[in-house]
Amino acid sequence: MKITIERATLLSALGHVQNVVERRNTIPILSNVLLVANGSDLSLTATDLDLTIIETVGADVSQGGATTTAAHTLHDIVRKLPDGAQIELTLSDQSRLAVVAGRSSFALPCLPKEDFPVLAEDTLPHSFSIAADELKRLIDKSRFAISTEETRYYLNGIYLHAAEAAGVPMLRAVATDGHRLAQVDCPLPDGAASMPGVIVPRKAVIEVRRLLDQVDGSVQVSLSETKIRFAFGKSVLTTKLIDGTFPDYQRVIPSGNDKILEVDRRQFAEAVDRVSTISTEKSRSIKLTLEKDKLHLSANSPDSGSADEELVVNYPGEDIEVGFNSRYLLDIASQINGDSARLDLADAVSPTILRDVADERALYVLMPMRV
Amino acid sequence: MPESRALCRDCGTDFPTPPVERRCPFCDSPRIIEHAELEELSVAHLDCDAFYATVEKRDDPALADQPVVVGGEKRGVVMACCYIARRYGIRSAMPMRQALERCPHAVVVKPSMTKYRDAGHAVRALMQETTPKVEPISIDEAFLDMAGMRGVHGTFPARILDNLVRRIEKEIGITASIGLSYNKFLAKIASDLHKPRGFSIVGRADAVPFLTDKPVSLLWGVGPALERRLNRDGIMRVGQLREISERALVARYGTIGSRLARFAIGQDSRAVHTGEIQRSISSETTFRDDLRDGAALLDKLWPLCENVGRQLKAKRLAAGSLTLKLKTSNFKLITRSRKLARPTQFGTDLFAVAKPLLSQEVGHRKFRLIGIAVKDLLEFEDADHADLFGPTTEHVVENAVDQVRARFGNDVIKKGRTFRP
Numbered sequence: 002m003k004i005t006i007e008r009a010t011l012l013s014a015l016g017h018v019q020n021v022v023e024r025r026n027t028i029p030i031l032s033n034v035l036l037v038a039n040g041s042d043l044s045l046t047a048t049d050l051d052l053t054i055i056e057t058v059g060a061d062v063s064q065g066g067a068t069t070t071a072a073h074t075l076h077d078i079v080r081k082l083p084d085g086a087q088i089e090l091t092l093s094d095q096s097r098l099a100v101v102a103g104r105s106s107f108a109l110p111c112l113p114k115e116d117f118p119v120l121a122e123d124t125l126p127h128s129f130s131i132a133a134d135e136l137k138r139l140i141d142k143s144r145f146a147i148s149t150e151e152t153r154y155y156l157n158g159i160y161l162h163a164a165e166a167a168g169v170p171m172l173r174a175v176a177t178d179g180h181r182l183a184q185v186d187c188p189l190p191d192g193a194a195s196m197p198g199v200i201v202p203r204k205a206v207i208e209v210r211r212l213l214d215q216v217d218g219s220v221q222v223s224l225s226e227t228k229i230r231f232a233f234g235k236s237v238l239t240t241k242l243i244d245g246t247f248p249d250y251q252r253v254i255p256s257g258n259d260k261i262l263e264v265d266r267r268q269f270a271e272a273v274d275r276v277s278t279i280s281t282e283k284s285r286s287i288k289l290t291l292e293k294d295k296l297h298l299s300a301n302s303p304d305s306g307s308a309d310e311e312l313v314v315n316y317p318g319e320d321i322e323v324g325f326n327s328r329y330l331l332d333i334a335s336q337i338n339g340d341s342a343r344l345d346l347a348d349a350v351s352p353t354i355l356r357d358v359a360d361e362r363a364l365y366v367l368m369p370m371r372v
Numbered sequence: 014m015p016e017s018r019a020l021c022r023d024c025g026t027d028f029p030t031p032p033v034e035r036r037c038p039f040c041d042s043p044r045i046i047e048h049a050e051l052e053e054l055s056v057a058h059l060d061c062d063a064f065y066a067t068v069e070k071r072d073d074p075a076l077a078d079q080p081v082v083v084g085g086e087k088r089g090v091v092m093a094c095c096y097i098a099r100r101y102g103i104r105s106a107m108p109m110r111q112a113l114e115r116c117p118h119a120v121v122v123k124p125s126m127t128k129y130r131d132a133g134h135a136v137r138a139l140m141q142e143t144t145p146k147v148e149p150i151s152i153d154e155a156f157l158d159m160a161g162m163r164g165v166h167g168t169f170p171a172r173i174l175d176n177l178v179r180r181i182e183k184e185i186g187i188t189a190s191i192g193l194s195y196n197k198f199l200a201k202i203a204s205d206l207h208k209p210r211g212f213s214i215v216g217r218a219d220a221v222p223f224l225t226d227k228p229v230s231l232l233w234g235v236g237p238a239l240e241r242r243l244n245r246d247g248i249m250r251v252g253q254l255r256e257i258s259e260r261a262l263v264a265r266y267g268t269i270g271s272r273l274a275r276f277a278i279g280q281d282s283r284a285v286h287t288g289e290i291q292r293s294i295s296s297e298t299t300f301r302d303d304l305r306d307g308a309a310l311l312d313k314l315w316p317l318c319e320n321v322g323r324q325l326k327a328k329r330l331a332a333g334s335l336t337l338k339l340k341t342s343n344f345k346l347i348t349r350s351r352k353l354a355r356p357t358q359f360g361t362d363l364f365a366v367a368k369p370l371l372s373q374e375v376g377h378r379k380f381r382l383i384g385i386a387v388k389d390l391l392e393f394e395d396a397d398h399a400d401l402f403g404p405t406t407e408h409v410v411e412n413a414v415d416q417v418r419a420r421f422g423n424d425v426i427k428k429g430r431t432f433r434p
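Protein sequences appear in the order of chains A and B.
This note's numbering applies: residue 2 is where the first sequence begins, and numbers increase by one.
This note's numbering applies: residue 14 is where the second sequence begins, and numbers increase by one.
No lab work stands behind these hints: they were computed from the structure.
One thing to keep in mind: the hints can contain errors.
Said to hold, decoys possible - Some chain A residues flagged as far from chain B (calculated, every beta-carbon gap over 12 Å):
#1 Leu82
#2 Pro110
#3 Thr177
#4 Asp178
#5 Pro197
#6 Gln215
#7 Leu331
To be verified - Just a few of them, taken from the derived set where beta-carbon distance is under 7 Å, the chain A residues facing chain B:
#8 Gly179
#9 Asp244
#10 Pro248
#11 Val253
The structure presented is a predicted model; accordingly, all values stated were derived computationally and were not measured.
Positions of the beta carbon are idealized from the N, C-alpha and C atoms, including for glycine.
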């Protein structure tokens, strides 16, 4: 193998694939990136056995071939080479990859390409195309709620499935950690109607989101019950899905909450942020006290004192007092882009619904805390 | 009434001057303590004597005159040893093998933690009856602040403490030593001076000369590493620290330097903190033979998680983070910590977090010890339990198992994962 490639091209491709490679690996080959030179392309593959990213870029291939070498090391080298450099990759014998640019030269140990794990090429029967912006939105507005709890591994991702909202078919992303839940819809793309509900693991969500920054236009999604693939032009990400049953989330979205509060989103977020300065590090709880057209936010901590703030709001309902984790309130408030937020409350112990008044397609549920 | 300068430890009589020949004229006891500041000092450190071993001797009088060592059999370390065993050079934390080489006829007793816990709680209850200001350090030792208790008990702190120790001996059947001083660090040093059944006093007037010739390792915060550094710099005795300015000590040793400077002149401004909840709970086990196999290590991990979960529940605490501890066959210590997504007191949750931490370390290395510790503890009532989906099956199962065990005993029901046909 002998190729010459533009530094910027190689750096961006390595940048995309190397995130998949875990810093600590018990299986040595998983630290490596697979490089395959063929025709006028170089393809780079990285995997952690669950998630694989392949990116193909143009290169001047004088001799085809393939090998694997340490992904992070190669990325670091290329990153430190001067902008505009032409990089020559040469596999002289099977155990060393020569990386040469200008006066710098490196020899990296290699492992044979045959040892690189190849994930089984499953058939992915369901396939649809989705606008990159829509997919971005689905991820951005839901991923903060993904759980990190090991015991409920089936919550460690985004549940992507076909649903209906007011009779209109939708592609829906749901994420929850048991404290809060995010549900985001977009119009159902053609071909997605028959797709099974799948749980896309957190790591894949993060990588897909990263790759989305590089694309305009659309993303081709194909999936089966066990795998999903996102094709972004020159890069393709394939991941195993979380093998579990996502809980019946509809059950926990309350329908009878009759105490409706409308509040200026920015004022609300800023007030929550200010008052939460006082709430204890451990609980982060703040108290919302509602009277007619008045919202009182307060926090108390044995160590740091107390805080109070009052907001003029639109609230016709009866007096109520409810506590929330301030960080969760802020997370949700920052997902609301419109001017006003709406909270549908029931009482101090039942879930509250939050939404953007200007956006019917996203909804958040938040569990109260005892205060 | 003249101030008392001496006290009989056996009958509690106090005297303005020490009695002739240092024997109590009332009970003929030689256990007289005397100190110029006897009536004034009010910060105490109470430390049970060879706690585990003493509890074992209490429960089996046949052991009374035997050298008793508490700990695991072949591989373990000495967790506690009685004062007879100590005469043979046995110390706690010594490998059991070495202990038995020094004293082959020592009686090795397997630890029964529940028994020690009960005794420890009983001691703590008596301390808390004596003063509300009790700062527990571990199951068998605590600081007591006796300031202001004179009015409650009608006598001075030293005598109240002496009464307390006698109650512990009588009601719980174990012995303890007291260190009495004007601050925590001196009280702690004092309690160790005349064990067992000691009562040692370091007053304001004698603190500085008392400390001068003591090795620096006696100071709180001076562990083996810092001791080596100090010794390398030629500082062996506490008195030598006084020859160096606080600023220079801080510059050389970091923030601990200013503590060293103050300790060296007998000053310690830390208050006795009460009601502070425990900082960590841990459980660990040393293997009979070193283990490499992941499945075998997991088998060892689950009982630890279950045990820590049980302690969390008993203390009504929830854990915010977990640390996995491994010791390789060549004694290299590996710790891996994780913050928990939500505070828990369930063994199943701890296991779920510890398992991936363990599997990252499993490979070619052999291990001799595995342990877990939970930190960032908070009162269970303060943990946020509200969950949109209600309790998980695992939690329901664990609660049910706990209830069955509470009624029928620990061994009647076990998780399938520990079952090997």
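Which hint numbers doesn't this structure obey?
-> 3, 4, 9
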